[in-house]
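S.K.: I would like the entire structure built from these sequences, with the hints used as guidance.
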Amino acid sequence: MRTLREWLDRLLGTLRTRRADADLEAELQSHLAFAAAAAAAAGAGSGKPQAAAVTQAMDAVRDRRGLPWLHALSADVVFGWRQLVSRPVVSVAAILSLGLAIGATSAVFRLVDAVLLRPLPVAAPDRLAFAVTWYLDAQQRLDYYDSWDYPTYRRYVALVGDRSDLLLVGSSSLAEVTPRGALQPERVNKQYYSGNVFGVFGLQPAVGRLFGPTDDLTPGGHPVVVLAFDYWQRRFGGDPQVVGTPLRFGGQILEVIGVAPEGFTGTEPGRAADLFVPALMNVEPLDKPGWGWFRLWIRPRDGVTVTSVEQLLQADQLREQREALALLPPDAPPQRIAAIKSRRVELQPAGAGASAPQKDFRRPLVVLASLVGVMLLIACVNVANLQNAQALARRREMALRVSIGAGRWRLVRLMLVESALLAMCAAAVGTAFAWWAAPFVVSQLSTADDPIRLALGLDWRSLAFGLGLIAGVTALFGTLPALRASAVTPIDALKSGGRVTGHRRLTHGLIGAQTAFCVFVVFIAVLLVATFARLATYPLGFRPERVLVVEADAPPSPEGPGRWAAAVEAVRAMPGVESVALAGWPLLRGNRWRADVRAEGQPPQPDPAYFLRVSPQFFATMQLPLLAGRDIRAGETAAEIDAQTRPRDGVAVVNESFAKAYFDGRSPVGERVSVEVRPRIRATVEIVGLVGDAVYATLRDPIRPTLYVPARQTGTAALLVRTAGDPEAFAPTLRRALGQARPDAHIRLIATQTELINRQLLRERLLAKLSGFVAVVALLLSAIGLYGVLHHAVILQQRPIGIRMALGASAGHVVRTVTGSLLAAVAVGSGIGLGGGVLFGRILEDLLFRVSTTDLTSLVAPLVVLAVAAVVAALPPALRAVRIDPARTLRAE
Amino acid sequence: MPNGEGAKAEVLQGTLDLMVLQTLDTLGAQHGYAIAARLEQVSSGAIQLNMGTLYPGLMRLEQRGLVKGAWGTTDANRKARFYVLTAAGRRELAKEREAWDRMAGIMNALLRGA
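Top line first, the protein sequences correspond to chains A and P. Per the numbering used here, the very first residue in the first sequence carries number -13; after that it's consecutive. Per the numbering used here, the very first residue in the second sequence carries number 25; after that it's consecutive.
Everything labelled a hint here was simulated from the structure, so no lab data went into it. Everything numeric in this text was worked out from a predicted model, so none of it was measured. One or more of the hints may lead you astray.
Said to hold, decoys possible - Estimated spans, in silico, between C-beta atoms of each pair:
1) D9/A x R136/P: 46 to 54 Å
2) K103/P x A37/A: 15 to 23 Å
3) T97/P x E383/A: 27 to 35 Å
4) R382/A x N74/P: 36 to 44 Å
5) A37/A x G69/P: 52 to 60 Å
6) R121/P x G393/A: 35 to 43 Å
7) A25/A x L51/P: 34 to 42 Å
8) R382/A x R126/P: 53 to 61 Å
What the hints assert, rightly or not - If the Cβ cut is set under 8 Å, some of the chain P residues that face chain A in the computed set are:
9) G56
10) Y57
11) M75
12) G76
13) P80
14) M83
15) K103
16) A104
17) R105
18) F106
Think of the CB as a built atom: it goes at the ideal place given N, C-alpha and C, for glycine as much as any other residue.
M.R.: Here is the structure:
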């Protein structure tokens, strides 16, 4: 404490009383004058050499005046900078490679922080949790869903009582809004909140008021909306008069009552919200069990733990399980029982928000962060090698410093200051790179109807990370060379041509480590790129080119049959249309509909079959080959339950997998199967046709037995249009035509089928691209590193090599001497890197597709790539070694 | 000057500060040479401060805000830099003096004592 105080005093004193040398000297001279006068008075002569006394005292006072180490440090900085400038090529190469790595690391940190880590700007974020249900999916893998229906919410509110606040936090959804005076509707992100959300979050309005519990009492009775701060600024220029303005959403008109505080962008990282609406304004799903449209957030009251609330919900979940099990038919397959029994409620921390991008990109971001971190290590090793070589070249300088009395710490500091300067220059380059890279990655993840919006602001978190990175990087690449350089003994270094001990061990270790990192990165990149390649070339079973997809809602009114059919006919008549069909939803949209199917005399299948509603011409439009039987005909219906809850029979076209699973590969045309249309209620389906296998919900799902059943004429539907020309150019025309044919319909999405497929590959494409990029950089850096070290080794060993050649050593022998032990380090490093890659691959498994970490190809590919890089890097130094002229080398010394 | 060299070596940093503060407190504003002369006189020549010890010490005290220096003229009309105690310096002196007394008491009791 005392030392700290004194240090502060000195620092303050330095600033407070900066006395000039002249002033100090004047004071000392006056002292001498007094002393001389006193001596004269006493009759004695002057005893001391006075000039020396003044100089000595001046030094002592000067030391006292400032902070000596500060002066020394600034001298080191100037000296270090001169060192960097004196070898511009090496410095620039080091700064660029390190800068690239630092930039990539900071960019990934900004993403990870924005998506996964940053706490919401609300009261006590660490006390918030959201409920998820774990279950076994069709592939028997544990997964969770976090979307809930309103009847369950009501039940839970009653169940939990006053132990905890239960918040209904609507899943952010795109809505089309028309502000007053606007001609075109615009797309915004809307979140429904229950009335208690703003209160529990402790938020205060920027303008007007936020809605509270009294604004969320009657279904459809509170036509109000709160704007997000950003949207208010963007759309209304921050006008406080916005309160009271009506906003039109399709048929609904909501009145703006206030603006949420700055910085609050909703609860979903990656999906910044624009508007908040009371939950009870979403009237349609309020009484529909199984219609999930929000997340269930929980904040326990004081003294109540999250775990105790979780237990309450889990108890209710168990009761539901018993009910579901009781409804199962007695011969239900064990997988279905296991799937029901696997359900478990868990409360997960919600302090950093909860969103689909968070769930989807958590693992890819972790992978990306690891790869980029390893790339940074490679860059550090490279610079460490460079610094090491520099230290070696400067041995004489260091020895000289030691012999005139510099301590070891002084030398270490000298080298570390130089390294820190290098790291700071690299960080400046890196910041510029990250500035561009982070938004670029975000833009790669967005699609027109699913934009990813992230708050990527530069705040103290990224600043702290950046500073920590500089310090860490400096320590990583600067410490070893600094320690080595400072360990000189004057005699050793001043001797000309003295042997360099210890240097090779360090270099070999560094090269080995670098190789391990490089092989690791290349291995992971090979896996990810192969995954993307396999998914992108996966046989779909249909032809997606030139197909335009329109998803539309129509109000659920009994318009009578033929409404969608009429729209289909209208579109079919348009020029440029080859064929048109309807479907419940497009293929590869991620939606699934499953139900239990039985064939007479066959054992029950373990898994339910997939269903898709389609109209006549669907197979022709998608060019899904009809193998036997016929297409669905107009007027045919699906097996379902009618208005009086009586089962009604129907027809279906099935795929090959269905024929294999239910009829041992025989043609099933003309056969009948029974379908469970409601729990324990079955209807009969007549199979009229057989089509080829095609993918259904996602590319990764294995192809399953599928029944295509006749489409409905009301409600939501997807219109599939095969165009003669460019489908994208046709989109606006189609939108207009549909608007005339069915003015009551609301178009949710117009996209090409190819776009839907690409959207499925978004994550894989991004991972493949970025990991490929990181791998190329890693290879480049490693090759440069290897080249540099070999090149340096040849120069150092010029004399011994020259002697050997003079004694008749062969070229091969020389090359082996120079490269042998280094290549051994490379080999060992490769093995370690590969091992690390295989271990890491386990984490990756979910992200891979038909690629295994233990495939021979995935194992060999990185080694081949590295071997090529190593040879390319080793060739020029080896040639140089062979071309050494013994006579000239020996004469040179 | 008996034991002169030995005594000089034992001028510890803390005691030098205390001695300088006490001198300034007793005599009021003084220049460096006068302070050194006074200490030499009081100690009967046992304490002789050279410039390399005295002036860094004064500078340290000034940096800590305990004394304040300013140029002035002596009675003999010679220019010199005079040091005076600041309020903080007076407080520090009282504190140090008390600490010294306590320490001396303890040492006394220990060395002579029961």
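S.K.: If a hint holds in the structure, say so; if it doesn't, say that too.
M.R.: We went through each hint and held it up to the structure:
Distance hint check: the CB atoms of D9/A and R136/P are about 49 Å apart, consistent with the given range 46 to 54 Å. At roughly 20 Å, the beta-carbon separation of K103/P and A37/A lies within the given 15 to 23 Å, and the hint holds. Look at T97/P against E383/A: about 53 Å separates their beta carbons, and that is not inside 27 to 35 Å. For the pair R382/A and N74/P, the supplied restraint of 36 to 44 Å holds, since their beta-carbon distance comes to about 40 Å.
Hint check: A37/A to G69/P, Cβ distance near 26 Å, so the stated range 52 to 60 Å is violated. Take R121/P and G393/A: their Cβ atoms lie about 40 Å apart, and the range 35 to 43 Å holds. Here the CB-CB span from A25/A to L51/P is close to 22 Å, at odds with the stated 34 to 42 Å. In this structure the hint that R382/A and R126/P lie 53 to 61 Å apart at CB holds, the actual value being about 58 Å.
Hint status for G56/P: holds, given a least beta-carbon distance of 5 Å to chain A, under 8 Å. Against a cut-off of 8 Å between C-beta atoms, the interface hint on Y57/P holds, since the closest Cβ of chain A lies about 4 Å away. For the restraint placing M75/P at the interface with chain A, the shortest Cβ-Cβ distance is roughly 4 Å, inside the 8 Å limit, so the hint holds. With a least beta-carbon distance of about 4 Å to chain A, the hint placing G76/P at the interface is held under the 8 Å criterion.
Here the hint on P80/P is kept, as its CB sits about 4 Å from the closest CB of chain A, short of 8 Å. Interface hint at M83/P: satisfied, since its Cβ lies 5 Å from the closest Cβ of chain A, which is below the 8 Å cut-off. Because the smallest distance between the Cβ of K103/P and any Cβ of chain A comes to about 6 Å, under 8 Å, the interface hint for this residue holds. Because the beta carbon of A104/P sits about 5 Å from the nearest beta carbon in chain A, less than 8 Å, this interface hint is met.
A cut of 8 Å between beta carbons decides the hint on R105/P: the least distance to chain A is about 5 Å, and the hint holds. Below 8 Å, beta-carbon pairs count as interface contacts, and F106/P has none with chain A, the closest being about 10 Å; its hint is therefore violated.
Going through the hint list in order, the structure does not satisfy hints 3, 5, 7 and 18.
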